[in-house]
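Trainee: Sequence:
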Amino acid sequence: QVQLVESGGGLVQPGESLRLSCVASGRIFRLNAMGWYHQAPGKQRELVAAVTSGGSTNYADSVKGRFTISRDNAKNTVYLQMNNLKPEDSAVYYCNAHPAWEYWGQGTQVTVSS
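FYI, the numbering for the sequence shown is 1221 to 1334, going by this note's numbering.
Hints were generated in silico from the structure; no laboratory data involved. All clues stand as given, with none of them false.
DMTMM-like cross-link-like pairs, simulated, lysine to aspartate or glutamate; straight-line CA separation at most 25 Å: (1) K1284 - E1266; (2) K1306 - E1266; (3) K1263 - E1236; (4) K1263 - E1308; (5) K1263 - D1281; (6) K1295 - E1322; (7) K1284 - E1308; (8) K1263 - E1322; (9) K1306 - D1281; (10) K1306 - E1236; (11) K1284 - E1236.
Please construct the entire structure, taking both the sequences and the accompanying hints into account.
Mentor: Okay, structure coming up:
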């Protein structure tokens, strides 16, 4: 059974930071690249950042220099450190394998507003 449990979202002001966490079941986490995705109202879900099992990373242009993805393979956990948040970062954030598997967790809401 695949499990993806995201946490760490919240309401913050522009310029502030959040750290998202995602605990994944071993089946999806082990040996797979993992990604953080976001979906704003009325828009498609899109990849924000990804990290391979070996730690290589890549980012969407909109978050480069502000977000950092990392993973703890011993804990089956992937993180997203989000700094200098902007209102356009507001969305529900999900983690999944990259490329994504069919199953999605509940996500965690991030709202950036003054």
